[in-house]
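Peer 1: Single-letter residue listing:
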Amino acid sequence: MRVSIFQGKTIRLGLAAALVAVVSLSVLAQQGWDTLRKDGIHDPRGPGVKELQEPAEALSKLTKDNTGNQVRWVQALEKGEINPRASIRPDTKIQVYDSDVLLNLKGGMPIVRFPHRQHTLWLDCTNCHDHLFKAETGANKLSMLSILNGEQCGVCHGAVSFPLTECFRCHSVSRPGQAPKPTLPIAIPHGAVPPR
Amino acid sequence: MFGKTPWQRLLLAILAMAAVLVVDIDEARAEYGDIVINNYSDGAGMRPAIFPHWFHRVRFRCKVCHADLGFKFKAGGNEINMVKIIDGQYCGACHNGELAWSVENCNLCHSAKPGTPTQVHESTIQKLAPVALPKK
Numbered sequence: 001m002r003v004s005i006f007q008g009k010t011i012r013l014g015l016a017a018a019l020v021a022v023v024s025l026s027v028l029a030q031q032g033w034d035t036l037r038k039d040g041i042h043d044p045r046g047p048g049v050k051e052l053q054e055p056a057e058a059l060s061k062l063t064k065d066n067t068g069n070q071v072r073w074v075q076a077l078e079k080g081e082i083n084p085r086a087s088i089r090p091d092t093k094i095q096v097y098d099s100d101v102l103l104n105l106k107g108g109m110p111i112v113r114f115p116h117r118q119h120t121l122w123l124d125c126t127n128c129h130d131h132l133f134k135a136e137t138g139a140n141k142l143s144m145l146s147i148l149n150g151e152q153c154g155v156c157h158g159a160v161s162f163p164l165t166e167c168f169r170c171h172s173v174s175r176p177g178q179a180p181k182p183t184l185p186i187a188i189p190h191g192a193v194p195p196r
Numbered sequence: 001m002f003g004k005t006p007w008q009r010l011l012l013a014i015l016a017m018a019a020v021l022v023v024d025i026d027e028a029r030a031e032y033g034d035i036v037i038n039n040y041s042d043g044a045g046m047r048p049a050i051f052p053h054w055f056h057r058v059r060f061r062c063k064v065c066h067a068d069l070g071f072k073f074k075a076g077g078n079e080i081n082m083v084k085i086i087d088g089q090y091c092g093a094c095h096n097g098e099l100a101w102s103v104e105n106c107n108l109c110h111s112a113k114p115g116t117p118t119q120v121h122e123s124t125i126q127k128l129a130p131v132a133l134p135k136k
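Residue numbers (the numbering used here), protein chains in the order written: chain A, 1 to 196; chain B, 1 to 136.
Don't take each hint at face value.
[To be verified] Below, in silico cross-link-like pairs of lysine-lysine (DSS-like), each with a Cα-Cα straight-line distance of 27 Å or less:
hint, chain 1, residue 1, chain 2, residue 2
1, A, Lys38, B, Lys74
2, A, Lys141, B, Lys72
3, B, Lys74, A, Lys93
It is worth saying that the hints were derived from the structure and are not from the lab.
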């Protein structure tokens, strides 16, 4: 009897170790940046890859994300990790607007809080108004189908700013009676299909 | 037979997960938001150009190029050509030898594998739907 308990423990320990290895592998798989040679689009035989900066060199110093470029760009800017120029011409008027807009008030998902401040740190008002969005709360008919098709918010999100698989970064305000926080993290492993 | 007890089934599941992960690790991955522009490059016998958003974003806010310089939010949608760049438009506003290196460094931009189509690499739509929905 003693022996079998011991064996069971050994097997369990082994399985636990295997589980830890798999989890750490999955974390590793999501972190780090491919070298330009191996990124799938640069020509490894071309002369450019020898001279261009490698992503890991620039991005590993910035606040980590688990998706997209694996950088929290707004946080990197706010913490002063980067200090990107807001203009290259002396007469450019730089505008930052601080106002939140709540969207998706009637849907089933949590309400969307759109923060103008973070967006105008990077973008100019004219980038969205009025050709993408009318500057009036409630005047824009938003839909996830359009967004997933690269329109509306999807012009940037899903292309260059954090991807559309991060549902709860936008749908961040729970409704009365809703769970205060979504129970599942929405970090989707590379190549996986998102949960429905 | 292996796989009869719960522990063996768990071990099998873990091995299966590991196998999926190994496949994922091997998959080539460009940096999210890299733009490949191949409007004219292939036809001109040049490698397609790659614009890395991550590199430029460390140095400039989006508004510099997308408001002041007039870049539309559309991969390949800006009708950029080398005459315009040398004339100081689009990329040429900075890549003029003053703010950034100038146009004689052809291979630094024209660095993609020949034949790579114009695209936003790693975009959500590219990852979730192998064939993109038709644009209006």
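Peer 1: Against this structure, judge whether each hint is valid.
Peer 2: Each hint tested on the structure:
1. Using a Cα cut-off of 27 Å, the hinted pair Lys38/A and Lys74/B holds, with the two alpha carbons roughly 25 Å apart.
2. A threshold of 27 Å between alpha carbons decides the hint, and for Lys141/A with Lys72/B the separation of about 22 Å falls inside it, so the pair holds.
3. Distance hint between Lys74/B and Lys93/A is fulfilled; the C-alpha atoms sit about 24 Å from each other, no more than 27 Å.
Hint compliance for this structure: every hint is met.
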